[in-house]
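**Q** With these hints in hand, go ahead and build the complete structure from the sequences.
Which chain is which? The protein sequence lines are X and H, in order.
Once you know that position 70 of the first sequence is 70 in the numbering used here, the rest is easy, because the numbers rise by one and skip nothing.
Once you know that position 197 of the second sequence is 197 in the numbering used here, the rest is easy, because the numbers rise by one and skip nothing.
No lab work stands behind these hints: they were computed from the structure.
Because the structure is a prediction, the values reported are computed rather than measured.
Note that beta-carbon positions come from the ideal geometry of N, C-alpha and C, so glycine has one too.
Hints may contain errors.
To be clear about the criterion: a stretch of chain X counts as covered by chain H if any three or more of its residues have a C-beta under 8 Å from a C-beta of chain H, and this derived list gives those stretches [unchecked claim]:
#1 7 to 21
#2 140 to 152
Dumping the calculated DSBU-like pairs for lysine-lysine here, alpha-carbon to alpha-carbon at most 35 Å [stated by the list, open to error]:
#3 H:Lys193 with H:Lys142
#4 X:Lys203 with H:Lys193
#5 X:Lys23 with H:Lys193
#6 H:Lys68 with X:Lys52
#7 X:Lys52 with H:Lys142
#8 H:Lys101 with X:Lys203
#9 H:Lys194 with X:Lys52
#10 H:Lys100 with X:Lys23
#11 H:Lys200 with X:Lys52
#12 H:Lys23 with X:Lys203
#13 H:Lys142 with H:Lys77
#14 X:Lys52 with H:Lys100
#15 H:Lys77 with H:Lys100
#16 X:Lys23 with X:Lys52
#17 X:Lys203 with H:Lys200
#18 X:Lys203 with H:Lys194
#19 H:Lys142 with X:Lys23
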Amino acid sequence: MKTPPDENQIVRFLDGEMDAAEKSAFEASLAADPELRAEIESLSQLGATLRKSMPNGREVPHADFFNSQIQVRIAQEEMDRARESNAPAAGAGWLDWLRAPWFAAAATAVVALLAVTLWQGRSLSPSESSLVLSSYAPNPDVQARAFHSDEAQATVLMLDGLAAVPADRKIVGHSVHHSETDQQVATTTLFSDDGHVLLVLAKDGRNQPRLLEHTP
Amino acid sequence: MNPDMPSPTAPADGEVPDLDLVKRCQAGDTRAFDALVTKYRSRVYNMTYHLIQNETEAWDLAQEAFIKAWRAIGGFKLDSGFYTWLYRITHNVCYDWLRKKRIESDGEFDDSRTEHRVAAGAEAVPQMAPRPDQAMRNAELKARIDAAIAQLSPDHRQAILLKEVEGLRYHEIAEVMQCSLGTVMSRLFYARKKLQEILKDTYENAT
Chain X
1 MKTPPDENQI VRFLDGEMDA AEKSAFEASL AADPELRAEI ESLSQLGATL
51 RKSMPNGREV PHADFFNSQI QVRIAQEEMD RARESNAPAA GAGWLDWLRA
101 PWFAAAATAV VALLAVTLWQ GRSLSPSESS LVLSSYAPNP DVQARAFHSD
151 EAQATVLMLD GLAAVPADRK IVGHSVHHSE TDQQVATTTL FSDDGHVLLV
201 LAKDGRNQPR LLEHTP
Chain H
1 MNPDMPSPTA PADGEVPDLD LVKRCQAGDT RAFDALVTKY RSRVYNMTYH
51 LIQNETEAWD LAQEAFIKAW RAIGGFKLDS GFYTWLYRIT HNVCYDWLRK
101 KRIESDGEFD DSRTEHRVAA GAEAVPQMAP RPDQAMRNAE LKARIDAAIA
151 QLSPDHRQAI LLKEVEGLRY HEIAEVMQCS LGTVMSRLFY ARKKLQEILK
201 DTYENAT
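**A** Right, dumping it as structure tokens:
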């Protein structure tokens, strides 16, 4: 006497996981057992109903925001990791920045301007002559000199030894034409004069601003 | 796999194969990962939604699954299916959440898991609108199926979803759920018996 199919055989038949020999034997059992046949028909019908009624995907609400949030979190984690690995060298990075030619030039100009401002304040007194008391340039290759003409009532500052500034260097940054806020996904987008997106900003769970997109 | 069910990873014409994208991810290419997110987000979200039964939590957990996948992708072996690996991560994320929820609620009934909330802007309109009477019958049938699936245990629920909705093979379900083939078959059998018991009148009258 043949044993009735067990539960594993029933599911494997339903799911098409049987090989040809097993399938053939199971179909013979089906032919001989109306109760089993009814059960298989009912379960097959259940499977068809499930597949028909349940799509194998469900569109994520705010799908673009879903992707961008993942990218933001990945970028944050990468930055945190980079910051941790560079932590001992942070001081050196700061010094490198101080040594940059543009910084030396800017610092020299600021110091010279300060000196001129001080001198101009003093020159309000007619009894005092024009004099730049001192100048300081962080870059030792840069020499600051001043020349004053009483006749022209002008002071000329001369900075020798500055590195040339490339003509294509962007100094002023981007010009923001306007911004738009999307309340639904809580983002603010900044646009340039020609309508291109410069920045997309959002807020994280702690209400801190987060950069989502940046056009360099 | 059922013959009418396409392989979850079969690339469409012009689509970059998963393994190529994975290799680029392993080299640090976040754009490639974005492509994988786009490809699998609806499936991953579908899984988290059915397991958690709450849209907001499901959205967060689907995100969490992708973040964990990104962190672990360096160790992904290229000889296995990416989607199976991703589903496994999703499974773990959901089960961790369910475990935590169970501890927090200390066994109390949590009605947020059976409440079907629909977020603003959620996709709720089918692509091809059927006749109103048919649409009503479909919606009613779907609601009954959702309610029946919600009555299954998480293990039975996930087994039946991975089989009937995702179309995974037994060995893939075993890999995702980290159990034996015998356990997969047993879970499928009892999940079907339970659904049959709840839904028999519904689906037999529907056809």
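**Q** Against each hint, give a clear statement of whether it holds in the structure.
**A** Verification of the hints:
A count of 9 residues in the segment 7 to 21 of chain X with a Cβ less than 8 Å from any Cβ of chain H is obtained; the coverage claim is therefore met, three being the minimum. With a cut-off of 8 Å between beta carbons, the segment 140 to 152 of chain X has 0 residues touching chain H; three or more are needed, and the interface restraint is violated. With a C-alpha separation of about 18 Å, the suggested pairing of Lys193 of chain H with Lys142 of chain H holds against the 35 Å cut-off. A C-alpha spacing of about 47 Å is found between Lys203 of chain X and Lys193 of chain H, which places the hinted pair above 35 Å, so the restraint is violated.
Distance check on the hinted pair: Lys23 of chain X and Lys193 of chain H sit about 21 Å apart at the alpha-carbon level, within 35 Å; holds. Proposed proximity of Lys68 of chain H and Lys52 of chain X is supported: the alpha carbons are some 32 Å apart, at most 35 Å. Taking the CA atoms of Lys52 of chain X and Lys142 of chain H, the gap is about 9 Å. The hint holds against a cut of 35 Å. Between Lys101 of chain H and Lys203 of chain X the CA atoms are separated by roughly 27 Å; this keeps the pair inside 35 Å, and the hint holds.
Annotation: proposed proximity of Lys194 of chain H to Lys52 of chain X holds, straight-line Cα distance about 19 Å (limit 35 Å). Straight-line distance between C-alpha atoms of Lys100 of chain H and Lys23 of chain X comes to about 43 Å, which puts the hinted pair past the 35 Å bound. With a CA separation close to 15 Å, the supplied pair Lys200 of chain H and Lys52 of chain X stays within the 35 Å bound. Proposed proximity of Lys23 of chain H and Lys203 of chain X is supported: the alpha carbons are some 32 Å apart, at most 35 Å.
The suggested pairing of Lys142 of chain H with Lys77 of chain H is violated, with an alpha-carbon distance near 38 Å, which exceeds 35 Å. This hinted pair checks out: Lys52 of chain X and Lys100 of chain H have alpha carbons roughly 33 Å apart, not beyond 35 Å. Among the hinted pairs, Lys77 of chain H with Lys100 of chain H is consistent with the structure: their alpha-carbon atoms are about 30 Å apart, no more than 35 Å. For the proposed pair Lys23 of chain X and Lys52 of chain X, the alpha carbon gap of about 25 Å is at most 35 Å, so the pair holds.
At roughly 49 Å between alpha-carbon atoms, Lys203 of chain X and Lys200 of chain H are farther apart than 35 Å, so this suggested pair is violated. The straight-line distance between the Cα atoms of Lys203 of chain X and Lys194 of chain H is roughly 45 Å, outside the 35 Å bound, and the hint therefore fails. For the given pair, Lys142 of chain H sits about 32 Å from Lys23 of chain X by alpha-carbon distance, which is consistent with the 35 Å threshold.
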